[in-house]
Amino acid sequence: MNRLKHMKGQIIVYAVLIAMLIFTVYPIYWMLFAGTFDAATLVDFVFGLIPGNNILNNYETISISFNMVTVLKNTFFISIIGTLLSLFINLSMGYAFAKYDFKYKSIIFNIFLVTMFIGGAAVMIPQFEIIVNLGLYNSLFAIILPGVYSSYNTLLARQILMDFPTEIIESGRIDGYNEVKIFWGLVVPNVKPIVSTIAIITFMGYWNSYLWNLVVTSSADKYTLQVALATMYPHAGTWTYAPIKMLGAAISVLPILILFIVMQKNFINSLTGSVKA
Amino acid sequence: MKKSCLKITSETAPYYFMAPGAILFAVFGAYPIIQTFIYSFQNKMGTRDSTFIGLGNYIRAFEDSIFLTSLKNILVIFIMHAPVMIFLSLILAYILNLSTTKFRKGFRTAFFLPNVTNAVAYTFMFKLLLSNDGILNQVLDMIGLQQIQWLSDPFMAKWVVSIMIIWRWAGYNMVIFLAAMQNINVHLYEAAAIDGASNTQKFFKITIPLLKNTIFFTTIMTISGTLNLFAETQLLTNGGPNYGTYVPALLIYNVAWKQFNFGYASALSYIIAIITILIAVIQFNIGREKD
Amino acid sequence: MKKLIVCLLSLILILSLIGCGSGNNDATDDNGGKDAQGTDTKAEKVLVWAWDQNLPVIDYAKTKYKELYPNVNAEVVVQSVPDTVDKLSVFFSSGVGTDLPDLVLMDNNRIQAFLQQFPDKFVNLSELGFDEYETSFSKAHWELLSYEGSIYAFPFDIAPLMMQMNTEILEAAGVDPQSLKTWEDVIAATQAINGAGYAVQAQFENREVFALLQSAGVGIYDKAGNIDLLNPKVVEAIDMFIRLQKAKASDKTASASEVGEGTVTMAIKPAWAIGEDMAVLKKIEGKVKLYPLPKIKDEKGYTSSANHGGSSFFILETSKVKDIAYEIGKIITTDMEAQDIALAEGLMPGYLPASALDSFNNEVPYYQGQKIWALLNESAIDTLPVYINEHYAIGEDIVANTIIHPIASGTDKTAEVLLKEAADLLASQTGRTVNEY
Chain A
27 MNRLKHMKGQ IIVYAVLIAM LIFTVYPIYW MLFAGTFDAA TLVDFVFGLI PGNNILNNYE
87 TISISFNMVT VLKNTFFISI IGTLLSLFIN LSMGYAFAKY DFKYKSIIFN IFLVTMFIGG
147 AAVMIPQFEI IVNLGLYNSL FAIILPGVYS SYNTLLARQI LMDFPTEIIE SGRIDGYNEV
207 KIFWGLVVPN VKPIVSTIAI ITFMGYWNSY LWNLVVTSSA DKYTLQVALA TMYPHAGTWT
267 YAPIKMLGAA ISVLPILILF IVMQKNFINS LTGSVKA
Chain B
729 MKKSCLKITS ETAPYYFMAP GAILFAVFGA YPIIQTFIYS FQNKMGTRDS TFIGLGNYIR
789 AFEDSIFLTS LKNILVIFIM HAPVMIFLSL ILAYILNLST TKFRKGFRTA FFLPNVTNAV
849 AYTFMFKLLL SNDGILNQVL DMIGLQQIQW LSDPFMAKWV VSIMIIWRWA GYNMVIFLAA
909 MQNINVHLYE AAAIDGASNT QKFFKITIPL LKNTIFFTTI MTISGTLNLF AETQLLTNGG
969 PNYGTYVPAL LIYNVAWKQF NFGYASALSY IIAIITILIA VIQFNIGREK D
Chain C
21 MKKLIVCLLS LILILSLIGC GSGNNDATDD NGGKDAQGTD TKAEKVLVWA WDQNLPVIDY
81 AKTKYKELYP NVNAEVVVQS VPDTVDKLSV FFSSGVGTDL PDLVLMDNNR IQAFLQQFPD
141 KFVNLSELGF DEYETSFSKA HWELLSYEGS IYAFPFDIAP LMMQMNTEIL EAAGVDPQSL
201 KTWEDVIAAT QAINGAGYAV QAQFENREVF ALLQSAGVGI YDKAGNIDLL NPKVVEAIDM
261 FIRLQKAKAS DKTASASEVG EGTVTMAIKP AWAIGEDMAV LKKIEGKVKL YPLPKIKDEK
321 GYTSSANHGG SSFFILETSK VKDIAYEIGK IITTDMEAQD IALAEGLMPG YLPASALDSF
381 NNEVPYYQGQ KIWALLNESA IDTLPVYINE HYAIGEDIVA NTIIHPIASG TDKTAEVLLK
441 EAADLLASQT GRTVNEY
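Chains as they are written, first to last, in our numbering: chain A, 27 to 303; chain B, 729 to 1019; chain C, 21 to 457.
Note that these hints are calculated values from the structure, not bench results.
Be a bit skeptical, because a hint or two may be false.
[Stated by the list, open to error] Computed list of lysine-lysine pairs in DSS-like fashion (alpha-carbon distance at most 27 Å, straight line):
| id | chain 1 | residue 1 | chain 2 | residue 2 |
| --- | --- | --- | --- | --- |
| 1 | C | 303 | B | 986 |
| 2 | A | 34 | B | 933 |
| 3 | C | 107 | B | 986 |
| 4 | B | 930 | A | 34 |
| 5 | B | 855 | C | 302 |
| 6 | B | 833 | A | 291 |
| 7 | B | 833 | A | 34 |
| 8 | A | 31 | B | 933 |
| 9 | B | 800 | C | 433 |
| 10 | C | 350 | C | 62 |
| 11 | A | 291 | B | 940 |
| 12 | B | 833 | A | 31 |
| 13 | A | 218 | B | 833 |
| 14 | C | 303 | B | 855 |
| 15 | B | 986 | C | 62 |
| 16 | A | 99 | C | 107 |
| 17 | A | 34 | B | 830 |
| 18 | B | 855 | C | 268 |
| 19 | C | 272 | C | 307 |
| 20 | B | 830 | A | 291 |
| 21 | B | 930 | A | 31 |
| 22 | C | 272 | C | 440 |
Based on the sequences and whatever the hints tell you, model everything.
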């Protein structure tokens, strides 16, 4: 009796899991396969294990609009440099908030907190003015700079660093290390989870950034993936250019997908780390 | 700058740590926010000279039926997806937390996958899957069900947006719940098992009450995410049909970049920001009470 | 040593800021240097922004300019910029102007919004003498690009609409395509077409509904910029849309991509889409023909012409090479060979003398040997003007959301009621007056 009940429970459990599996994985599967077909075949493609043979043609059509290698290079560049700068800036600030007292600390802290929520299309105009005045228009650094400072990441770093044992810092001081060396030499190596958290959040943010990139760059040699993707045949009918769009989508998703599967543990930890904070 | 390169003590150190970020914050954070605040009290149109009009833009916002519709839309979209998504995430987390479930890691990976896709790519994809002659309708047709005009009905279109949000974020929330569940003392479950409690009972009587804070946190994050919804509705239906998926961020975008009414767009941005801040403050205070 | 590290660390950001700034400048200087290689004088750089379909024409203009002015050392740089509207609006509204292009292509429907918001940002082409070409373009086209009596953009392609009919389906349904002169006729033929197992047209969207309005010479605004949605002719057009919808001549269950599958009989097509689609939609090759748009009524004041899209080139006021940009713009829009190249890309020249080109008489097998370009060109002649202003985008948005979508989903409201609602909403959004009738 109990056994039967247990079996029934197990069946329900796996039914739920498999239904969810289809729901989450099927669209991604379809996206990855869609780019290999021609339009006429794709319309009727629901499921199959054999990809189509039109991937090279589709890729060629993409190449008419932009150079995929350049676009990938740009996207990696902004994501990596942006992440490194962001780590440097936000970890330092989080550390200052967590472990030091200084003038106006609580006022500055509250300003950071509140400004976290104001953004969007309307602040783009003043930001744009600054970029142009710095002579950065149509450069990859124009994309990177406004995203480097992040209230969210600073507060995240602060939260984690607050729990860092002050004794270790004190012992560093006794050993005659200076403050900067203490931070980068003693503190940061011991809080790797928060480093990878901020790195992953920032990397994904840069990789997926779109609207701002569109505004501050003008030439195709400065395109990043999302911009390139969105500019492909914007006016064309639904199915006509579907395989080409889907191939572009697959190319924009694959690197992060692979990164995720390889570094899965860090991704998941980064998420739970940020929640605890 | 040279002068401040003097000796670093524990007294001067915080300024060194703060300086680079503070400069960036002043330039790209504070200044644009203040400038936008000033614009929100002006009738600034394009580059034309603007004049101060007091609260005019704010008053207009609350008389603007499109803005009010957009607020109503995100409320409906929130009600459509948040309870389903959070409950689904909880159940999945619970199942994947059971030691009797096989392939737990594999399922966790698969459920989290949608979260690493980007808005442009996954909106394109859903648009194709759910178009009138899309894959889903073909499947419905095959199994003998009525096809659904997903994107040409304001109510169905809201469902599509909701399904997209659930697709992208259910796995994400599940991981958060999983982490929280791992903090629950196993003895509680063992004691309940001795009392003869089923898994379902344990879920409702132990897990959910103990996860109250995390559920609350997730709900707040979902609200804030819904308030700032943009790319999905812009690329999917451009706010249509019949303003059914028009959301505040899309309105702000259109007012600023299609009508060049920067004053009004700035005011709308501030209204949304204030709502978000209010919700965050509530979260902060309730969170503190709980602690 | 410690001190050094500290100084370095705190300066990294500032260095990176300044560093990238100068890095960028260096890069542009490098380009300048390269351009000048091999010549004594530094080349004048002309920057053009356009989107893909137009690049071949600009390439041609580049070469042609060199032929005409061998003594001017000009270097034309073309950048493929799909969203010129977003980019320019940020530039103009922030009031800064470095790295701006000299010549920019823009969608015709957005041009008046720019002229009215940023009148001092564009070069007045009348002052540079472009008025000599006034008679070489249709009046509607010229007015679309004019502001306070002067022309501000080089009129490039137009997008006349025609009705593409699948003659194979019509034959099966026993309908003579020639008989479909008015929308009444289309409604009358619907039953026969449906009966044969085909849809008449896909669900009407913006393109189709605005075509109905324009064919009757009405639109969202009148010439004075007032909201004109209560105009009896607008009511009549929207009422026709409702009737088409009820009769399933605008078919909710059919989608535009089924036209290419050969299961939807008719589709309203702009010239540029015809160019693009012939290469892709192979299933209906040789089964379709183009016909004039059905009229609302077979009376005076109702045409079978409408336009959807088209684009024009601006010269920006900030340009330092206005004279070169002007010559290039002139070549692109008035040189016969340039028009021929545009036509090959499916872009219909707005330049009227271009109709003398041989290419217009090419018989296109896809359309059963019809001389489609000549037909499209002919259909453009009657096109009535559309009045566009800075609030056109929001007007389109409101019409789509409060008129087109409700009708598509089968509202019970009448055309008058829907239009009244739309007009009121538009008035409250724009502060413009509504014309009462």
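Which of the listed hints are broken here?
Numbers 1, 15, in rising order.
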